[in-house]
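Engineer: Same order as they appear, the protein sequences are chains A and B.
Residues in the first sequence are numbered from 1 upward in steps of one, following this note's numbering.
Residues in the second sequence are numbered from 1 upward in steps of one, following this note's numbering.
The set of hints was computed from the structure by calculation and includes no laboratory data.
There may be inaccurate statements among the hints.
Claimed, not checked - Beta-carbon label-pair distances, calculated as ranges:
1) A:S200 / B:D39: 35 to 45 Å
2) A:R56 / B:N231: 23 to 33 Å
3) A:K97 / B:G47: 42 to 52 Å
4) B:S205 / A:R56: 31 to 41 Å
5) B:P46 / A:N231: 29 to 39 Å
Stated by the list, open to error - As a list, the in silico DSSO-like pairs of lysine-lysine whose alpha-carbon atoms are at most 27 Å apart:
6) A:K23 / B:K23
7) A:K192 / B:K97
8) B:K23 / A:K48
9) B:K3 / A:K192
10) A:K192 / B:K23
11) A:K3 / A:K97
12) A:K3 / B:K192
13) A:K210 / A:K192
14) A:K23 / B:K192
15) A:K23 / A:K3
16) B:K23 / B:K48
By construction, the Cβ of each residue, glycine as well, lies at the ideal position given by its N, Cα and C atoms.
Protein chains: 2
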Amino acid sequence: MNKIYVTGLGPGAEDQMTIRARKVLEHCPVIIGYTVYIDLIRDLFPGKVFLSTPMRREADRCRMAFEEAEKGQDVAIVCSGDAGIYGMAGLICEIGKEYPQTEIEIVPGLTAASAGAALLGAPLMHDFAVISLSDLLTPWETIETRLRAAAAADFVICLYNPSSKKRADYLNRACRIILEYRDGANVCGIAKNIGREGESVRILSLDQLKDTGTDMFSTVFIGNSRTVELNGRMVTPRGYKDV
Amino acid sequence: MNKIYVTGLGPGAEDQMTIRARKVLEHCPVIIGYTVYIDLIRDLFPGKVFLSTPMRREADRCRMAFEEAEKGQDVAIVCSGDAGIYGMAGLICEIGKEYPQTEIEIVPGLTAASAGAALLGAPLMHDFAVISLSDLLTPWETIETRLRAAAAADFVICLYNPSSKKRADYLNRACRIILEYRDGANVCGIAKNIGREGESVRILSLDQLKDTGTDMFSTVFIGNSRTVELNGRMVTPRGYKDV
Numbered sequence: 001m002n003k004i005y006v007t008g009l010g011p012g013a014e015d016q017m018t019i020r021a022r023k024v025l026e027h028c029p030v031i032i033g034y035t036v037y038i039d040l041i042r043d044l045f046p047g048k049v050f051l052s053t054p055m056r057r058e059a060d061r062c063r064m065a066f067e068e069a070e071k072g073q074d075v076a077i078v079c080s081g082d083a084g085i086y087g088m089a090g091l092i093c094e095i096g097k098e099y100p101q102t103e104i105e106i107v108p109g110l111t112a113a114s115a116g117a118a119l120l121g122a123p124l125m126h127d128f129a130v131i132s133l134s135d136l137l138t139p140w141e142t143i144e145t146r147l148r149a150a151a152a153a154d155f156v157i158c159l160y161n162p163s164s165k166k167r168a169d170y171l172n173r174a175c176r177i178i179l180e181y182r183d184g185a186n187v188c189g190i191a192k193n194i195g196r197e198g199e200s201v202r203i204l205s206l207d208q209l210k211d212t213g214t215d216m217f218s219t220v221f222i223g224n225s226r227t228v229e230l231n232g233r234m235v236t237p238r239g240y241k242d243v
Numbered sequence: 001m002n003k004i005y006v007t008g009l010g011p012g013a014e015d016q017m018t019i020r021a022r023k024v025l026e027h028c029p030v031i032i033g034y035t036v037y038i039d040l041i042r043d044l045f046p047g048k049v050f051l052s053t054p055m056r057r058e059a060d061r062c063r064m065a066f067e068e069a070e071k072g073q074d075v076a077i078v079c080s081g082d083a084g085i086y087g088m089a090g091l092i093c094e095i096g097k098e099y100p101q102t103e104i105e106i107v108p109g110l111t112a113a114s115a116g117a118a119l120l121g122a123p124l125m126h127d128f129a130v131i132s133l134s135d136l137l138t139p140w141e142t143i144e145t146r147l148r149a150a151a152a153a154d155f156v157i158c159l160y161n162p163s164s165k166k167r168a169d170y171l172n173r174a175c176r177i178i179l180e181y182r183d184g185a186n187v188c189g190i191a192k193n194i195g196r197e198g199e200s201v202r203i204l205s206l207d208q209l210k211d212t213g214t215d216m217f218s219t220v221f222i223g224n225s226r227t228v229e230l231n232g233r234m235v236t237p238r239g240y241k242d243v
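Kindly produce the complete structure, drawing on both the sequences and the hints.
Structural biologist: The following block contains the structure:
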């Protein structure tokens, strides 16, 4: 019985892959993924067959994985970050119904919330909500409802896909919604190109964030009411010191 | 200048550590942590000085790390999961103000949300909220407000610390709150002892979850309105197939 390993690579740097993920990629003769992710790992795993499909052809990429597995070989399908967080794991499970003879294992990876938080300091010490601002697959009304709920209940908020060329003003729209519930001084952070060339972080207020441009390679953190800037780090105290 | 590495070990198994975390532990002569976590890694890193303090003495453990670093050596302070998610990263940043001559690096790890989701299938394909049910450091009213907000806005909900001996009925209380907004058939999952001996998962309805006992080593997932059980897996479709 052949197996598909849905593998999260982590944010980009080889070192942020789990040991398990590396072993899986060493094991599988075929590695499938979106070109940008394949390029991150091509040189690390010589001798592999690397296959790809263009962006947005996620279902095709999944079927390609099952078809390669049916040839009698184990296959890794890779995503950046965690395959289980806005990644390919769900679609593989769904399409897997059509290929009951192929086993599936999800190999988790570091998601941008974890890796970005580590660069900024410690913003996720308390309850948090992860929301994607991409309305490609979700109506904006649903996104807005979630932004309002998370802002009102004082969650730390982590935004994936904060903007893109087509959605240049989405982060601004999200900030304006959150500002209905939060102070303009609310501490926020941006982590950009995590684990890759050009990695950078910035700490700023919610008022400043509203007017800041980001891109697809940025992850945005909006602190809760207790989040502070401390020696250049974004920190949400959990309360240990008070105990 | 000496350095403290606040290092997330991942859920427990050696393989789920990142390559970076392993390199850091190989590098540091002193490794500090709560006894349970030290026991997970003691045999993997022979020749190290392992130091510990009892549970709940988190601030003491942090100061111990800075004092060891002041002796002129690099120190790793370890947590299970991700040091940046309900971990030690925040407290180290706070106490670090007293030790400006010591550098701090946060080394992220796989948190239980990622690792548990991978075992269950793909519950976190869409926006999600992470909430700890421990009221040791958070008033129950705040926890309840967040449960209501997340339930009403149709987030997938991931519960950390769902119960303990002293808080045996907390998961039941949380489920009853969520049931004010959700159907009893809402698909849920429990991941127990992730990456450790006795690892297991269970998929069940919100009605069943309400009357199910868990413990400190369990992570609970409550799907959103679109989450389904698919071939024994908990899957939240993201919508790619509809595109």
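Engineer: Hint check: K3 (chain A) vs K97 (chain A), CA-CA at most 27 Å. Holds or violated?
Structural biologist: holds, 14 Å
Engineer: Keeping to a limit of 27 Å between CA atoms, is the pair of K23 (chain B) and K48 (chain A) held or broken?
Structural biologist: holds, 26 Å
Engineer: Could you see if the CB distance from K97 (chain A) to G47 (chain B) stays within 42 to 52 Å?
Structural biologist: holds, 50 Å
Engineer: Is the gap between the beta carbons of S205 (chain B) and R56 (chain A) within 31 to 41 Å?
Structural biologist: Cβ of S205 (chain B) to Cβ of R56 (chain A): about 34 Å, so the range 31 to 41 Å holds.
Engineer: So if I understand the rule, the pair passes when the alpha-carbon distance is 27 Å or less; does K23 (chain A) with K23 (chain B) pass?
Structural biologist: Holds, at roughly 16 Å.
Engineer: Taken at face value, is the distance from the CA of K192 (chain B) to the CA of K3 (chain A) at most 27 Å?
Structural biologist: Distance of about 24 Å is within 27 Å: holds.
Engineer: Would you mind confirming whether the straight-line C-alpha gap from K210 (chain A) to K192 (chain A) stays at or under 27 Å?
Structural biologist: Roughly 17 Å between the alpha carbons, so the hint for K210 (chain A) and K192 (chain A) holds.
Engineer: Take a look at whether the Cβ-Cβ distance between S200 (chain A) and D39 (chain B) falls inside 35 to 45 Å.
Structural biologist: holds, 38 Å
Engineer: Within a Cα-Cα threshold of 27 Å, do K3 (chain B) and K192 (chain A) meet the stated pairing?
Structural biologist: holds, 24 Å
Engineer: So if I understand the rule, the pair passes when the alpha-carbon distance is 27 Å or less; does K192 (chain A) with K23 (chain B) pass?
Structural biologist: holds, 24 Å
Engineer: Within 27 Å, alpha carbon to alpha carbon, are K23 (chain B) and K48 (chain B)?
Structural biologist: Distance of about 13 Å is within 27 Å: holds.
Engineer: Compare the distance between the alpha carbons of K192 (chain A) and K97 (chain B) with 27 Å, and conclude whether the hinted pair is satisfied.
Structural biologist: holds, 26 Å
Of the numbered hints stated above, none is contradicted by the structure.
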